[in-house]
Amino acid sequence: MNSTNITKVTTHPTQNEALIFERSQPGRVGYRLPALDVEETPMDELLPAGLRREDELAGMPEVSEVDVIRHFTRISTWNYSIDLGLYPLGSCTMKYNSRLNERVARIVGHAGLHPLATEEDSQGALQVIYELQQHLSEITGLAGVSLQPAAGAHGEMTGVMLIRAFIDARDGEGASAQRRTMLIPDSAHGTNPASAHLSGFNVKTIKSTPEGLTDLQHLRELCARGDIAGLMLTNPNTVGLFERNISEICRIVHEAGGLVYMDGANMNALVGVARPGDMGVDVIHLNLHKTFSTPHGGGGPGCGPCCCTKELEPFLPVPRIVRDDERYRLDFDRPQSIGRVKAFFGNFGMMLRALSYIQTHGPDGLREATEAAVLNARYIAEGLASDYDKPFEAPPMHEVVFTDKRQSRKGVHTLDIAKRLIDYGFHPMTIYFPLIVQGAMLIEPTESVGRQELDQFIEAMRSIAREALETPELVLGAPHTTRIGRLDEAAAARKPVLRWKPVEAASAA
Amino acid sequence: MNSTNITKVTTHPTQNEALIFERSQPGRVGYRLPALDVEETPMDELLPAGLRREDELAGMPEVSEVDVIRHFTRISTWNYSIDLGLYPLGSCTMKYNSRLNERVARIVGHAGLHPLATEEDSQGALQVIYELQQHLSEITGLAGVSLQPAAGAHGEMTGVMLIRAFIDARDGEGASAQRRTMLIPDSAHGTNPASAHLSGFNVKTIKSTPEGLTDLQHLRELCARGDIAGLMLTNPNTVGLFERNISEICRIVHEAGGLVYMDGANMNALVGVARPGDMGVDVIHLNLHKTFSTPHGGGGPGCGPCCCTKELEPFLPVPRIVRDDERYRLDFDRPQSIGRVKAFFGNFGMMLRALSYIQTHGPDGLREATEAAVLNARYIAEGLASDYDKPFEAPPMHEVVFTDKRQSRKGVHTLDIAKRLIDYGFHPMTIYFPLIVQGAMLIEPTESVGRQELDQFIEAMRSIAREALETPELVLGAPHTTRIGRLDEAAAARKPVLRWKPVEAASAA
Amino acid sequence: MLQKVGLKSAEELFSSIPSDLLLRAPLKTPAALSEIELLAGFEALGQRNAAARRPSFLGAGAYSHYSPTIVDHLIQRSEFFTAYTPYQPEISQGTLQAIFEFQTLVCQLTGMEVANASMYDGSTALAEAVLMAERVTRRSKVVVSNAVHPEYLEVVNTYVQHAGIDLERFDFDAATGQTAPGALSSLDDKTAAVVIQSPNFFGCVEDVQALADRAHAVGALLVVTVTEAISFGLLRAPGTCGADIVVAEGQSFGIPLSFGGPYLGLFAILERYARQIPGRLVGQAVDKEGRRGFVLTLATREQHIRREKATSNICTNEGLIALAATIYLETMGPRGVREVAVQCAQKAAYAARRIAALEGFTLPFTAPRFNEFVVRAPVEAAGLLARLAGERNITGGLALSRYYPDRPNDFLVCVTETNSRREIDALVDGLNGLIS
Amino acid sequence: MLQKVGLKSAEELFSSIPSDLLLRAPLKTPAALSEIELLAGFEALGQRNAAARRPSFLGAGAYSHYSPTIVDHLIQRSEFFTAYTPYQPEISQGTLQAIFEFQTLVCQLTGMEVANASMYDGSTALAEAVLMAERVTRRSKVVVSNAVHPEYLEVVNTYVQHAGIDLERFDFDAATGQTAPGALSSLDDKTAAVVIQSPNFFGCVEDVQALADRAHAVGALLVVTVTEAISFGLLRAPGTCGADIVVAEGQSFGIPLSFGGPYLGLFAILERYARQIPGRLVGQAVDKEGRRGFVLTLATREQHIRREKATSNICTNEGLIALAATIYLETMGPRGVREVAVQCAQKAAYAARRIAALEGFTLPFTAPRFNEFVVRAPVEAAGLLARLAGERNITGGLALSRYYPDRPNDFLVCVTETNSRREIDALVDGLNGLIS
Ligand SMILES: Cc1ncc(COP(=O)(O)O)c(C=O)c1O
Ligand SMILES: Cc1ncc(COP(=O)(O)O)c(C=O)c1O
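Residue numbers (my numbering), protein chains in the order written: chain A, 1 to 509; chain B, 1 to 509; chain C, 1 to 436; chain D, 1 to 436.
Keep in mind that a hint or two might mislead.
[What the hints assert, rightly or not] If you only want the chain B side, here are some residues facing chain C, beta carbon under 8 Å, derived: (1) Asp44; (2) Leu46; (3) His197.
[To be verified] Using 20 Å as the maximum straight-line C-alpha spacing, the simulated PhoX-like pairs for lysine-lysine come out as follows: (4) A:Lys310 x D:Lys28; (5) A:Lys207 x A:Lys390; (6) B:Lys390 x B:Lys207; (7) B:Lys410 x B:Lys390; (8) D:Lys190 x A:Lys495; (9) D:Lys4 x A:Lys390; (10) B:Lys390 x C:Lys4; (11) B:Lys405 x B:Lys390; (12) C:Lys288 x B:Lys495; (13) A:Lys410 x A:Lys390; (14) A:Lys405 x A:Lys390; (15) C:Lys141 x C:Lys190; (16) C:Lys309 x B:Lys204; (17) D:Lys141 x D:Lys190; (18) A:Lys204 x D:Lys309; (19) C:Lys28 x B:Lys310.
Bear in mind the hints are in silico, worked out from the structure with no lab data behind them. Keep in mind the model is a prediction, meaning the values are calculated, not measured. Positions of the beta carbon are idealized from the N, C-alpha and C atoms, including for glycine.
Please put together the full structure from these sequences, using the hints given.
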């Protein structure tokens with residue numbers, strides 16, 4: 001007898017919350033507005049009928065306030081979140097999102113400020129931006145900072161465009177047209193080549209060495225061809241290793257006339273310990289939603305500041321936020337600027353949070369966070385070494401990658417291990433990234449977790465390793481404890497259903 | 001093979017969150033305070049050593065901020081709550097707690113106001129209290145209102161003391177000493193007799209009729225003895241029926257020289273429809289945390305205003321909040337007052353929320369809420385009539401009581417049905433109250449639920465009724481889907497463990 | 001739905017109510033407001049509470065302490081604030097475990113053995129303590145210090161007026177401000193309890209042990225009240241000085257001032273009296289598979305079982321506020337609670353020193369203090385404080401004439417960690433400036 | 001723990017970093033602040049943003065709308081705001097279902113068939129739309145109206161500068177303020193798209209259908225941008241007027257102004273282009289037992305699979321803001337969205353009427369409008385608005401000289417449901433008073 005079946009009830013309201021559209025009841029409302037307090041203009045005078053919509057927004061849900069509350073409270077329980085525990089998504093730096101920062105971002109003087117208020121009327125906000133720029137400059141060792149980009153990839157695009165603008169200015173449009181190659185390691189995040197492409201570069205891939213580092217030899221070869229605009233490097237790289245030849249790498253690229261872009265997604269391993277600017281890096285983006293703790297929000301918003309050397313600074317997006325004595329102002333007068341990458345000034349709400357993070361930690365706290373992040377990753381590396389294969393020998397920085405080589409011999413793959421981890425109460429690690437590691441499992445604990453929970457995680461992973469040997473079907477069938485099992489993603493992509501439709505309409509279609 | 005066992009993992013962090021004391025790690029802190037900014041006084045000068053504590057608060061937990069966040073987020077998931085769905089605890093009026101009211105209560109001008117600020121400095125708060133008094137007076141039809149009591153039982157105590165003070169004043173201490181009997185129906189809530197006792201009354205129980213109403217004959221008999229101070233009556237009563245003889249009841253009690261106290265816990269059935277003052281009631285308490293939607297908070301805080309007739313008003317607790325033209329002030333000059341029942345002015349934060357509730361609804365909205373609450377209870381009464389026995393014929397007001405008579409023939413009792421309801425995703429109803437109904441199941445849906453969910457609830461209850469017949473062991477063993485099963489309450493009471501102790505201390509003890 | 005239940009109109013829902021009792025017109029309450037309007041209205045009312053935004057030295061039973069941001073955030077989890085009393089333990093373990101932690105923390109702070117799940121506030125907790133002392137000792141006289149918060153005394157008076165308890169008052173030493181064990185002349189074998197507050201209403205720390213010894217000598221209990229619970233961080237725990245019942249106002253643990261409530265009554269006792277304690281108790285339990293959980297326990301003390309013979313009439317208590325205090329205490333931890341206490345005491349000492357040095361001002365009491373002290377001004381205090389508020393925008397403290405007409409020039413100053421040195425200096429300056 | 005991993009000191013953690021690269025001194029960032037100090041600091045900065053608390057008639061791409069209280073409350077559920085992109089569907093169904101609802105709502109509002117899970121904001125969404133039009137049509141010329149938000153135009157310029165796309169601009173009619181189909185002279189078979197905004201930057205509602213017809217006649221797409229998304233509540237949906245791609249700024253749906261971000265890019269298209277859409281898509285799926293769930297889908301368009309050949313480089317999007325907009329829209333419902341739109345239009349009409357009646361002021365454009373309109377003052381607008389702010393405490397609108405030096409006296413006024421009649425009257429009074 002299967003005890004799950006007899007006791008499981010299939011009508012549980014929280015477990016079966018429908019789409020809001022399916023809960024709609026004509027006539028229900030969840031809002032209350034004040035009555036119109038001006039003389040009404042006849043509708044036809046207001047807008048000709050031909051310009052008005054006629055469908056009365058049919059199909060939008062009609063529900064009460066408590067319906068909405070229950071709807072979202074219920075479906076929220078289907079999510080894992082940092083506040084429930086370790087969220088070891090490698091490369092994503094799922095650290096604790098301080099509630100203080102949320103409070104800061106909601107201060108009326110900030111949250112209620114219109115972006116087109118005059119400089120005079122927005123001195124506080126401009127100061128926030130200016131100070132954060134200063135701090136990020138200090139942290140990265142790079143002089144120029146723009147906070148305009150909305151996320152990491154956006155910062156990449158901005159940074160790569162800086163490189164292009166710089167080279168065009170340096171070499172002249174004609175000559176620089178010969179430099180259209182951007183080197184990117186095979187281990188890089190997908191946004192790197194995509195961003196390079198957006199800026200009109202051709203991507204060439206550099207190999208990694210068996211130790212997991214950039215292949216210097218290959219780099220030299222590629223650089224020798226005279227067409228390189230630059231290199232996009234992640235450091236520590238996406239397998240969690242510091243590119244110990246970074247200075248040499250920068251030298252090679254620079255000597256070949258190129259510039260070095262650093263993907264700063266992994267800055268949580270470096271803040272307060274080492275600075276990209278000191279390594280020879282020319283441009284970097286940061287992810288405030290990783291290193292500086294602004295909430296990931298189920299997929300954003302982010303903020304992807306672009307930091308660069310003095311030489312590149314003239315090319316940063318306009319407007320720049322600058323200080324004249326005690327006054328902050330917008331500087332649009334940057335003739336060499338690549339232009340605007342976003343309306344207004346970027347994701348200001350995230351800047352408030354990041355500044356709050358920096359002020360809360362102080363210089364020592366920032367360094368301590370880095371130390372803890374690295375130590376925690378080391379601890380996991382050590383704890384799992386006996387049960388999982390590590391593709392690279394070197395001790396990792398803030399994240400560690402394993403492969404499923406050993407487990408896959410029994411037919412258990414990374415995906416299965418990840419899903420089984422859910423049963424153990426943890427969010428899975430990043431899987432199948434970086435691409436250069438077979439069945440990669442990239443684990444980043446961050447500093448926001450204590451030893452007790454690290455031990456629980458290690459124990460869970462080791463237990464899964466044992467299960468993979470002894471009861472592989474348990475792992476292959478996971479997760480067993482969630483509302484729904486593994487979903488058929490292939491079928492979903494084959495015949496995509498991307499929106500809800502009313503039953504009649506859906507069946508008619 | 002039992003599929004639960006193979007897939008269930010016992011180390012799940014969220015499911016196994018320990019007591020915070022068990023997570024303590026020496027040296028961890030979760031707070032940050034500014035540095036002391038005044039010259040330090042040597043400790044011995046500040047306080048003699050003999051007055052200082054020496055234990056350094058040993059045993060208190062040392063944890064980080066994220067530890068605290070995860071601790072409470074995790075254990076919170078073990079709770080059911082209104083926001084997850086219907087919470088049909090009869091007599092408790094678990095209606096939706098508006099977020100707007102929470103926001104109102106946190107407005108700095110209110111939340112940051114010290115209770116001993118001068119009248120001049122607290123006019124806004126005094127106005128809030130005054131206006132709420134006025135509205136509650138309008139709603140109950142009773143002239144005098146004190147918001148000082150902190151909960152329903154506290155309001156009862158206050159109200160009963162008013163009765164005593166009134167009688168003492170009317171009859172003179174000597175004569176009134178003969179009137180020490182408070183009549184209370186057998187169906188009353190336990191706080192009623194307890195409050196009467198606190199005020200020095202002897203409780204006599206009145207029987208209910210087979211229809212579930214106060215036995216008028218018995219009431220007359222008891223009143224005939226000349227010693228009654230009053231009657232405490234709940235209306236609608238605790239089986240959800242309106243005491244249709246209420247006017248007659250009041251007449252009988254009044255003629256016998258007593259006063260009528262109405263327990264207003266069930267006012268959600270009457271607001272905007274009928275007023276206790278019009279029925280002849282002399283005193284009533286309200287539960288702002290029921291009828292007026294202030295959050296139940298896992299067991300409080302509440303607010304239990306006491307409303308009374310003009311005749312009783314001089315006896316209300318001091319200070320009264322009164323208005324002189326445009327100014328609000330505290331009136332301490334009430335020589336007949338029973339005195340203070342609480343420091344300061346009562347649970348002001350709850351008053352803000354209740355006032356917000358009244359303002360949000362408006363007169364029509366208040367009545368509509370009442371109608372919906374009653375209609376929903378009727379709908380459930382109707383929906384369950386075929387599967388559960390109803391002890392009383394009459395259609396219910398805002399709540400309906402059933403008995404387990406039919407189910408208990410198969411050995412399934414109210415407790416089992418309640419626990420099984422958990423598996424169906426609902427909080428159980430109030431059980432074994434009122435005491436006059438065998439295996440009472442008292443169901444109060446409130447207005448905060450739509451038909452869809454009522455249907456789900458009815459379906460769940462009917463399904464349990466079927467299970468009780470077909471697979472009673474399923475019901476007897478419930479709940480099956482919770483972290484823990486039924487707890488051994490008897491053992492817990494026999495050898496109570498009421499606090500955590502460090503392991504050494506605990507084992508030494 | 002009306003149809004489904006066999007009705008034709010909403011009116012018919014109320015057919016069991018005699019028609020002469022039915023309201024014929026809508027209630028005369030205000031018309032429905034939208035969110036925008038309603039918020040604007042409450043904001044405007046808040047603006048009329050001038051004291052709420054002013055640097056303040058008011059204490060006297062309600063204290064301005066900093067509450068870490070996570071406290072208010074966590075209590076707003078739906079799962080906590082929209083649940084009720086954990087009657088169904090399987091589905092309320094979050095609340096139950098939090099209360100169990102709360103009870104433990106209260107024991108640790110007070111040095112007592114058992115604590116309940118909360119009372120309404122400090123004042124009602126004290127009243128219940130007096131009633132409990134009578135139950136435990138079966139004696140009827142209770143001797144109460146005059147240095148207990150005057151509003152607490154009033155509440156005790158109200159609660160015991162019909163309980164057959166004689167309240168006697170004993171005085172404090174006019175020079176030290178401490179209650180004088182010598183004044184306890186009337187203790188005898190009818191005395192159920194001696195009731196004190198420490199730090200007392202005037203901010204003076206009492207010699208709890210000496211008073212406990214006096215009480216115990218006649219077989220009476222010592223009931224200790226604390227209004228400023230942060231003092232637990234620095235002062236000897238009453239439980240280690242002979243207290244039998246400790247009650248306290250828990251508002252200091254991260255709870256907003258909110259014009260006096262909701263606050264939090266702490267109630268802690270010795271284990272041997274556990275079955276006499278009022279209010280709810282949470283205890284540990286196990287399920288059939290031996291898993292630990294928590295339940296409401298010793299319910300036979302309570303009104304829903306024992307009715308008029310219950311240890312109290314309390315039902316709804318201060319659940320969410322107790323949760324807030326629990327989160328506050330766990331976030332602050334032992335170090336944090338101690339540091340707040342030390343800062344309060346240090347800043348109060350600084351303020352007291354500076355005020356005492358002003359021409360014309362004296363501190364009438366000499367006893368050791370925690371964070372409150374009485375100042376005697378050269379002029380009538382209420383007027384002085386009103387001018388300080390109006391001209392300097394500082395709420396300088398509480399004019400004692402509110403409770404003690406015979407102390408026209410005295411006012412009570414409270415200093416906490418939220419008062420910056422700048423504020424203290426401005427207070428001192430203001431007092432000086434308004435007098436000279 | 002250091003020991004456990006075989007290290008003696010924290011420094012050793014960084015032994016793979018060449019020692020000459022290691023920082024020798026602490027960072028020169030500010031010293032750590034406590035919560036109290038930090039909040040006070042940000043409050044003080046907030047006070048210096050004078051515009052935030054003033055009645056305001058600023059719009060131009062960012063709008064003051066009322067957001068029901070539950071929106072901000074619900075997005076603060078830990079389960080939403082501390083989760084990330086739903087890579088693991090079994091443990092992210094809350095986020096996924098919410099996005100699926102979001103996509104549906106965006107389709108309903110725009111009248112389009114497919115919407116993605118969000119872009120950074122309206123401006124970048126427009127840039128991506130231009131890039132997509134090029135991909136879809138394999139044509140390289142894009143014709144953009146001069147009445148598109150100037151900052152959006154700048155962003156498009158930046159994005160396309162290396163994409164081999166020629167941007168051509170076409171003008172609006174100086175009298176009506178609408179883009180003139182007649183100005184679309186350069187359309188040809190190299191034209192990938194015609195790009196317009198409606199209501200346009202000057203608040204004028206465009207004749208979308210006519211422009212669509214022109215574009216379609218040469219096989220080009222019509223891209224419609226909307227900065228004031230509440231206009232969907234009243235104006236014909238672009239999808240019913242021939243639009244091929246609709247992008248919008250979703251900030252109007254309950255998102256705070258927050259000095260320009262985070263906002264929300266809406267991106268909606270016809271189904272046939274689905275595999276060319278940038279950004280994330282959530283689709284319906286089933287598990288083995290046939291239960292419905294949701295997953296990220298059509299991932300082969302995206303950078304993590306397709307790398308440089310992806311439809312966009314976007315990864316992190318505006319998840320939480322999309323959630324807020326979803327909650328806003330579901331709370332308001334069709335009636336609420338429409339009522340807000342109608343109130344905006346009504347109040348703007350009232351304001352326009354009153355201002356137009358003022359001596360010296362004119363409204364230069366005659367086209368139908370939604371809730372924004374240009375006013376021509378008798379004096380230089382920036383100075384007038386500065387005086388209005390300083391003397392009357394009203395932010396009267398946006399001086400168009402910021403973007404159009406040739407329009408010194410023009411300013412753009414925006415009126416929403418949050419502007420009370422009193423505020424509008426004060427604006428009118430102020431303008432009148434400062435001129436006469
Ligand atoms: C290594 C790396 N680079 C770039 C990115 C892109 O950042 P974003 O998602 O903020 O656009 C990510 C994040 O997902 C990343 O992990
Ligand atoms: C009928 C009835 N009377 C009185 C009370 C007591 O109210 P409170 O819990 O607020 O003290 C309750 C609530 O539990 C009740 O249901």
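**Report entry** Earlier hints that do not hold, by number
**Finding:** 1 and 8
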